[in-house]
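Trainee: Chains as they are written, first to last, in my numbering: chain A, 1 to 225; chain B, 1 to 454.
Honestly, the hints are just simulated from the structure, not real lab data. Idealized CB from N, CA, C, for every residue including glycine. Treat each hint with caution, since some may be false.
[Unchecked claim] To give an idea of the chain A side of the interface with chain B (calculated C-beta under 7 Å), a few residues:
| hint | residue |
| --- | --- |
| 1 | Leu-4 |
| 2 | Leu-5 |
| 3 | Thr-6 |
| 4 | Ala-7 |
| 5 | Ala-10 |
| 6 | Ile-90 |
| 7 | Arg-92 |
| 8 | Ala-93 |
| 9 | Gly-101 |
| 10 | Ile-104 |
| 11 | Ala-105 |
| 12 | Ile-222 |
| 13 | Ile-223 |
Given next are the chains, with one letter for each unit.
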Amino acid sequence: MEQLLTANIASSMYWLGRYLQRLEGMLFEINRAYDLIIDVDNKAGTALYKKFNINLKYVSAADFLHKAIRGKHTANLGEMMLQARENAIISRAYIDSVAFGEIIALNDMFQTLQTKRSHIDGNDLDKALSLILIIWGAHAHRGHRKSSDYFFKLGKLVEEVDLRLRLDKEKAMTELILKEINVAIKMLNPELNIFDNCPKEYIDELPYAMMECIYATIDKLIIEE
Amino acid sequence: MLEKSTKLHKKFWDIFAQQDRHKIDEFQSYMDKFAVNFNLYKDGNFIEQSLPFDIIPRIISKKEFSKIEKGLIQRVTALNLFLEDLYTDAKIVKDGIIPKEFIESASGFLKEFVGFSPSKKVRTHINGIDLVKDSSDDEWVILEDNLRVPSGASYPLSIRDTYRKIYPDFFENLKIEPIKNYPKIITDSMEYVSTGGINVVLTPGRFNSAYYEHSYLAQEIGAQLVRAHELVVIDKKVYFKNYNGKKIRVGSIYKRLDDEFLDPKFFNPDSLIGVPGLVEAYLAGNVALLNAIGNGVSDDKGIYYFVPKMIEYYLNEKPILKNAPTYLPYFKEDMDYVMDNMEKLVIKDVAEAGGYGVLFGHALTAIQIKDLKATIKAEPRRFIAQELIEFYDEKCYLDRKLQDRKADFRAYVVMGEDVKVWNCGLTRYALQEGNYLVNSSQGGGFKDTWVMEL
Numbered sequence: 001m002e003q004l005l006t007a008n009i010a011s012s013m014y015w016l017g018r019y020l021q022r023l024e025g026m027l028f029e030i031n032r033a034y035d036l037i038i039d040v041d042n043k044a045g046t047a048l049y050k051k052f053n054i055n056l057k058y059v060s061a062a063d064f065l066h067k068a069i070r071g072k073h074t075a076n077l078g079e080m081m082l083q084a085r086e087n088a089i090i091s092r093a094y095i096d097s098v099a100f101g102e103i104i105a106l107n108d109m110f111q112t113l114q115t116k117r118s119h120i121d122g123n124d125l126d127k128a129l130s131l132i133l134i135i136w137g138a139h140a141h142r143g144h145r146k147s148s149d150y151f152f153k154l155g156k157l158v159e160e161v162d163l164r165l166r167l168d169k170e171k172a173m174t175e176l177i178l179k180e181i182n183v184a185i186k187m188l189n190p191e192l193n194i195f196d197n198c199p200k201e202y203i204d205e206l207p208y209a210m211m212e213c214i215y216a217t218i219d220k221l222i223i224e225e
Numbered sequence: 001m002l003e004k005s006t007k008l009h010k011k012f013w014d015i016f017a018q019q020d021r022h023k024i025d026e027f028q029s030y031m032d033k034f035a036v037n038f039n040l041y042k043d044g045n046f047i048e049q050s051l052p053f054d055i056i057p058r059i060i061s062k063k064e065f066s067k068i069e070k071g072l073i074q075r076v077t078a079l080n081l082f083l084e085d086l087y088t089d090a091k092i093v094k095d096g097i098i099p100k101e102f103i104e105s106a107s108g109f110l111k112e113f114v115g116f117s118p119s120k121k122v123r124t125h126i127n128g129i130d131l132v133k134d135s136s137d138d139e140w141v142i143l144e145d146n147l148r149v150p151s152g153a154s155y156p157l158s159i160r161d162t163y164r165k166i167y168p169d170f171f172e173n174l175k176i177e178p179i180k181n182y183p184k185i186i187t188d189s190m191e192y193v194s195t196g197g198i199n200v201v202l203t204p205g206r207f208n209s210a211y212y213e214h215s216y217l218a219q220e221i222g223a224q225l226v227r228a229h230e231l232v233v234i235d236k237k238v239y240f241k242n243y244n245g246k247k248i249r250v251g252s253i254y255k256r257l258d259d260e261f262l263d264p265k266f267f268n269p270d271s272l273i274g275v276p277g278l279v280e281a282y283l284a285g286n287v288a289l290l291n292a293i294g295n296g297v298s299d300d301k302g303i304y305y306f307v308p309k310m311i312e313y314y315l316n317e318k319p320i321l322k323n324a325p326t327y328l329p330y331f332k333e334d335m336d337y338v339m340d341n342m343e344k345l346v347i348k349d350v351a352e353a354g355g356y357g358v359l360f361g362h363a364l365t366a367i368q369i370k371d372l373k374a375t376i377k378a379e380p381r382r383f384i385a386q387e388l389i390e391f392y393d394e395k396c397y398l399d400r401k402l403q404d405r406k407a408d409f410r411a412y413v414v415m416g417e418d419v420k421v422w423n424c425g426l427t428r429y430a431l432q433e434g435n436y437l438v439n440s441s442q443g444g445g446f447k448d449t450w451v452m453e454l
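The shape of chain B in the complex, shown without the other chains (with noise of 0.2 Å):
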């Protein structure tokens, strides 16, 4: 179902039927000429594939994302007061708001780390909150939060400059929000939180999925793009390694790997792509890392469940934006509910990301459900289930046509001296009609999306 089409959409319709339409060749090929990739191992080899995008902005007025940046604002602050609480303090666990032994079975919780405070308190500096909008009552609703190393926001950014260039109109006679701020707001999230010394992008390399977005931000950000064995740890301090020799002090690393691959002497032994010793060195006050480690806790699906709670808990405010009608297995009566209901709900594996992990009990077999039901009686911890939301279809132009696909939308929220919501995010769109599924690792494509006003 589409979206009311509004008098911004009307604007946008009108330039757009003055376009020329072969210019959407000359479109891909720009965006094929700039590698904007998204890489993907399959069967064991290494594919790299030019992310599937769409012309067709996603338009939302400046006054209703205004009310998404306010709710955002309200959600990333809690959520960065909760890890810092819950790594120190952990009041919100001794005055009940969340069970204990939830939080200790939680994949990403790092009992090492309680007890250490990062830089500057922050520790949701980048973060990529996964919204849909509901078409039963329109209003936004939050899916996901993405705390650790969120990835995307490159692919706008893209997709903007190239239609800078090929569709000028649209900027020229719309009141479009610029979006070219975002590596400037990165640049001050990472210089505020910084410890003295350069700022670096840590990457895994070439073959990572993401490269393209590691190097274009590097770019971007004006930091040095570096692999692990690129930084050295001298006495708990981080260095930069410079083809000459030389060894240059790090004050800030924007990590884009998971945790348990960063340092193979403190975590994974195994790890390739970590960096020996850059625990030590974070824990001894003397590099910033963004995300902070540890925060994986709060991108369990479970924890979810309790950001509109830690909302009221620590700011004493009610939730501007909801979550999605969520019940927990782990609890008896949304045990009940989740039992009798199961075809209606969609069920989620709290520590998958990536679209991997859901289930559609629609979609599911009387077999698969008996199935599904028994696991989730043996691991109730493991599980959600959520009320399938209905939400709208964005218009995309494929196969040169237009044609209505599910969409969501992941906002970006920038934690420095103060919290800032990029003025663009990532519209993801299902490649097929009717799927929900919009993740990219699911073969979902990506749009541009335009803050507007008249």
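The following block holds chain A by itself, in its conformation from the complex (with noise of 0.2 Å):
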């Protein structure tokens, strides 16, 4: 497993792992809510923004899933789906080739509705949803083998516990993430564990803020001079 590695990089795959996880996290909660919206509530878009400080507003389903995915505010997909492709340019000697390519494609798509004129429906989102699952599969298929394929793994996971504890979502789910993460971080340093030094009452409730206890370790993980 021992791999040799520059923070930067470590950095970058750890980024990567996270801006797609984040990308996919979104688009699911995006189909989810456009769904709502259609029949069922029509509030759902903005009450799923308003847990990441976004007052989204729209006027039907379709024109919630324009604002959702190019709309200008801090959970843009498109800029997020550039900031994906900048880490996987910098370390794509470590991903995996299949992996890359459609990482490149991925953005294209999202840089493409950006910019169309026509509606962005949901077999848009359905696209990018399987772009996304043949990435985690050609990445997958390694075997995680290497440092490098764990802090992709690493970055998919915290941004996975990130989405879960912002949407208060299932906390038996969330506490069996945060082992894996330490699964993960373990195989790369067998001295770091998350819930060394962490608030006793973050483990016990976790808050949001459990993710300072995340952060601290990687900040020991990764050491950049």
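Two chains, two separate frames, one set of hints: put the complex together.
Mentor: Below, the structure written as structure tokens:
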């Protein structure tokens, strides 16, 4: 498993995992809200974006999709994808080539969605989700043998926890993912554990502040000089 | 003008005719997907663009390539001997083959390195030699030697990989020399000169024009891709900084930046992309640099003039490949010729590269000619003049039709324990019809080069 890796690459792999997972998580949530807006709860989109401190206004389900995907706000998916691409380019030597190609394709798709005049529909979300599944799959077949793969995995897991904590998702699953994070961290540095020096109430109640414990551990994991 | 079609070309076109043309779009999208980019700064903006490519390969017969190969091995061997001599005994100067002041005025000559001999006396590790095929006599002619940081080898590797995926028929049915050995040749060279430790590729970073290539090659040769601050020099030894704080000794650095930016303690103090102390480690013999510092002298277009003489001087052989007929205004006789014939000559600034500083006499106005003559008279060492070589066009599939474009060929020659010529190279073509400038930085595209036999 020992693999030489600069802090820059380790960090890029970690952030690549985070941005892709953020994109996937957002697409799932947008899809769910879109479905609700159509004929169940037309405020579902507003409620979702409130969790990200974004005041999203829309007049219909289709308008919600447009605003969610290409609106000028901090959760703009095109911007998110550009960040993912940037990290992929920096660390491309460590990424499965199929996964790299699909990241570029996914970015092209999102940049097109940012500019095209035609309506964005649910099919676009499905296409994007399919590409993300290919990326995870292509990368997973490497078998997580190297440090770079663990950083990628770590980023994915950390982002999953981030979204779950923001959206107050079921605690048991979040705890499970936290354990997985610890496994990934231990593979990279057996002396580190996210629960060390983490306040007990954070571990018990899992507030969003739990992220601070994770970040403190990652700061010790990737030593930037 | 196109080269006369051979049986090899016919074999290619026979298979090409049976291929689905729609797959060309697939080819483009495959190349785009893998971000085969060449980055540019234009008007202060960073532009990331796909390098234009063409799917019709240049075809060179194995027999013809074999002659090129011999000529290139001879040339690079002589150039390596020249550099080693120049920076140690300078016999070639003492024997009057090259004027002393000519060397001393070469911007790439670094007198601080006189007396230093690098690991295994190898200086010209990875070289890009630019050639064209002269339509007047069907001979290959050397246009330029790039012995500092020649780029471009990753592009034919990428296009070949794509070709094999989209159009396997060619490779199943034709005898095309495989090219996957390039990373191995580079690794062998790095290992040969290594002073002990890991191999790294030193890149200026993500926004360099050839970052794609740096990353691709690092992956292929199994070396770490590093930026300057990811290396540290301690006690004149170079170390790689691992993410966990460990420091790993570096034995060989494939540097992808110019000498002047390599070490802010030694060269340009403002360089943010250099490694402080690297030159000291190099001079102490504790790390190998590919290519050697100071090679810029041989990239000087004025020094190019002397390469055939170097071959005779060091190897006692006649040059196998010829130079383009070149004149040095530095010499009176040549100056007179240049002044009398400027309209038909190509004038080059000796210190420029990438197609910059090249002027075609036939394209200049009378006033421009007059100004240029005055500049050359004032600074004769700064220019060379060459006869315009009418080199062959290559067929290109552009805008969904076959068109002819001027094309050169960059061959890659790698020196380690011995000298090897890669069975491929970068064929670059001009985007506009009739244009002689094919450089990527001038908007030129690239195509694969197939060394084939019947």
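Trainee: Run every hint past the structure and note whether it holds.
Mentor: Results for each hint:
1. With 7 Å as the threshold, the beta carbon of Leu-4(A) comes within range of chain B, its nearest partner Cβ sitting at about 6 Å, so the hint holds.
2. Interface restraint check: Leu-5(A) against chain B, minimum CB-CB distance 5 Å, threshold 7 Å, status holds.
3. At about 4 Å, the closest approach between the beta carbon of Thr-6(A) and any beta carbon in chain B falls short of 7 Å, and the interface hint on this residue holds.
4. Because the closest C-beta pair between Ala-7(A) and chain B is about 5 Å apart, less than 7 Å, the hint holds.
5. Because the beta carbon of Ala-10(A) sits about 4 Å from the nearest beta carbon in chain B, less than 7 Å, this interface hint is met.
6. Because the beta carbon of Ile-90(A) sits about 6 Å from the nearest beta carbon in chain B, less than 7 Å, this interface hint is met.
7. The interface hint given for Arg-92(A) is met, as the beta carbon of that residue sits about 5 Å from the closest beta carbon of chain B, less than 7 Å.
8. Taking 7 Å as the C-beta contact cut-off toward chain B, the hint placing Ala-93(A) at the interface holds, the least distance being around 4 Å.
9. The restraint placing Gly-101(A) at the interface with chain B holds, with a minimum CB-CB distance near 4 Å, inside the 7 Å limit.
10. The interface hint given for Ile-104(A) is met, as the beta carbon of that residue sits about 5 Å from the closest beta carbon of chain B, less than 7 Å.
11. For Ala-105(A), the shortest C-beta to C-beta distance to chain B is roughly 5 Å, which falls under 7 Å, so the interface hint holds.
12. Given the 7 Å rule on beta carbons, the hint for Ile-222(A) holds: about 5 Å separates it from the nearest Cβ of chain B.
13. At about 4 Å, the closest approach between the beta carbon of Ile-223(A) and any beta carbon in chain B falls short of 7 Å, and the interface hint on this residue holds.
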